[in-house]
Amino acid sequence: MTIKENPIIQVKHLSKKYKIGMDRTYKTFSESVTNLLKSPLKTIKNIRKHNDIFWALKDVNFEVNRGEILGIIGRNGAGKSTLLKILSRITHLTEGEVILRGRVGSLLEVGTGFHPELTGRENIYFNGAILGMKKQEIENKFDEIVEFSGVKKFLDTPLKRYSSGMQVRLAFSVAAHMDPEILLIDEVLAVGDIEFQKKCLGKMSEVAGKGRTVLFVSHNMSAITRLCPRTILLNGGHILQDGPSHQVINKYLHSDIGATSMRKWTDLSKSPGNDVVRLRAVCVCTEDEEIVEKIDIRKAVGIKIEYEVLKSGYVLIPNYHFFNEEGINIFIAGDQDRLWRRRTRPVGHYTSTAWIPGNFLSEGSVVVGVAISTNATPTIVHFFERDAVAFQVIDSLEGDSARGDYGGHIPGVVRPLLRWTTKFTPNKN
Amino acid sequence: MISNKNNYEVIIKAKKGFLSVDLHEIWEYRELLFFLTLRQIKVRYKQTIMGASWAILQPFLTMIVFTIIFGSFAKIPSENIPYPIFSYSGLVLWTYFSNSLSQAGNSLVGNTNLVTKVYFPRLFIPTSSCLAGLLNYAVAMSIIVLMMVYYKFVPNIKIIIVPLVVFTTFILASGISYWLSSICVKYRDIRFILPFFIQLLMFTSPVIYPPNIVSEKYRWLLYLNPMTGLINAHRASLLGYKEVNFTTLGVSIIMSLFIFVTGIIFLKNTEKGFADLI
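Protein chains in written order, with my numbering: chain E, 3 to 431; chain D, -2 to 275.
Okay, chain E solo, but in the shape it has when bound (with noise of 0.2 Å):
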């Protein structure tokens, strides 16, 4: 007789609320007095009418059962971090309740907490201890865990001396042996060298198999199929599906949801970018400058981005990162136009297109993220915004392109048409 066991996490009409123009803004208590102050009707009015609010996430409802690893999908600003916040207590809901019925351990970020002044060593336990880790037991893994990384030789240098890829082993070398009962992971896995990836997979698997519940945001969808059986697909804060994850991704990838060809960010104050550089707009365009969301296999396709310089002084590289939709990543391209090349851009607005070829991609969806950055010791990101825009490539049957006359199913993650020569000798008879 085996009783059925309550759900490790139950999220009942969970609701989170953000005041826009406050959240991440803080202000002066003068501006607040003024403000009140001065149009006190004013004040009194803004806080009623609610015109300034934003939920991030409304009438959330999901259980999960004790060892169930989950995944979480949905494009930037679904609530899929604002959901692990709240479950890991690092912000406070709105309205609703969550019960946690194990001890929980969050992965937002690889390396919370690292000193650059301290050693590789006084780092982990650092780094153990804020993930929640007690002493005896980061005591108990430390040679594990320095075997991991690989930085052994390095365990008694400060932090600054390492290169940023081996931060990032650390890191996430401390991170893979936390072992809480409920494991909440944030898009982290998008850092560090492609084999590392994979060893921290299989280490994080093998903790899932271990009876550990899992939660697991991310953008790779792979990553996803391969480690959780049951995705949650998240859309302006509602839960869209929730179910096996290949149909929950299938979903994903076939709806408009997952694919938009066109951002526009009106509020510039709001839009991916920092003091120097913001981001205005994203599209996917054809030669004809009509923005698509379907592009023909043989035909080029641009990827264009509008943005503000705001501080000059910056060699600024446009680059954009192309995945299909296993969450593989195609290729990067950075801009590489002469005319700007090592020259620092002045103040104002620009443009930039990247010209994909035709008969190159493969068939499916693409999804790309854009970025701005400078290249310096280390590299300065200004913004990254994964999953920009995305658009389907579609393979005609008219047999010019790679595909020819065949009418199979063709694997590979480009398809470029290539010149091909054949020399022929006939047979003297």
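Straight-line C-alpha distance at most 25 Å; calculated BS3-like pairs for lysine-lysine: (1) Lys136/E x Lys265/D; (2) Lys266/E x Lys296/E; (3) Lys10/D x Lys183/D; (4) Lys136/E x Lys205/E; (5) Lys39/D x Lys136/E; (6) Lys155/E x Lys43/D; (7) Lys137/E x Lys155/E; (8) Lys183/D x Lys272/E; (9) Lys14/E x Lys10/D; (10) Lys14/E x Lys269/D; (11) Lys183/D x Lys19/E; (12) Lys272/E x Lys269/D; (13) Lys10/D x Lys269/D; (14) Lys154/E x Lys43/D; (15) Lys212/E x Lys143/E; (16) Lys60/E x Lys14/E; (17) Lys154/E x Lys39/D.
Simulated DEER-style distance windows between Cβ atoms: (18) Pro118/E x Thr259/D: 34 to 42 Å; (19) Thr45/D x Gly204/E: 40 to 48 Å; (20) Ile262/D x Leu312/E: 39 to 47 Å; (21) Ile262/D x Ile55/E: 24 to 32 Å; (22) Leu197/D x Asn63/E: 49 to 57 Å; (23) Lys155/E x Ala71/D: 56 to 64 Å; (24) Ile8/D x Gly409/E: 54 to 62 Å.
Facing chain D, from chain E, some residues (calculated, C-beta under 8 Å): (25) Arg91; (26) His94; (27) Thr96; (28) Glu97; (29) Gly98; (30) Glu99; (31) Gly115; (32) His117; (33) Glu119; (34) Leu120; (35) Tyr127; (36) Ala131; (37) Leu133; (38) Lys137.
Hints in this document: simulated from the structure, not taken from any laboratory. By construction, the Cβ of each residue, glycine as well, lies at the ideal position given by its N, Cα and C atoms.
Please build the complex by placing chain D on the supplied structure of chain E, with the hints as guidance.
Structure of chain D alone, referenced to chain E:
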């Protein structure tokens, strides 16, 4: 590891009780407080030439300046003991208090990456700054021993009061830091007010001058500053040259505890908004 699986349950609800201070949770996380404190101590003097000797130099150099300006030029009385030891015995405690405030007051904002990425009792962030300062206090006390030998002060039984005074100062500094650091999350004005506030507290406490140079009519004003009773008691119990005024010490202890407890309640009630506001 899943030992307590049937009794471990956390319920997160929209409304929490007013006095929601979870002592059990603080105890659960106690090791982290230790690590946070240790990190501060280790980082504090990294990449400085003088290293930990700054713990001594800071109050010591201030003492020399004060002795020249207030002791020699202004001829401020010092309760019939040499001015250097008079001011240093106050400065050691004062330096601990003011450094704790200026570090802990900014601590939540200064640790934005921790506040927005991991959960643990936020109380630990300002507390660890105040704890880490205690080591500096201990190091700086070594000079007072040398000065006592030089000026031939023989400590007596009253010296057992010193730990109580230091502990109360820690409670007071933590309490004020809880208030300031939580307000600073929303209103960064605190950063600009803080140095002025610390200065004001110093001039209204007997670091430079003995309280009796203020006319009796206004002297009670000085005792509104909890540091007054503490610095007086620190000096008297350490050097043993006068009686410890238990009335003013008691008043300081009560004020400190009040600020400490209300500070915890205030921080606990505002902390759920920290990650969204910071």
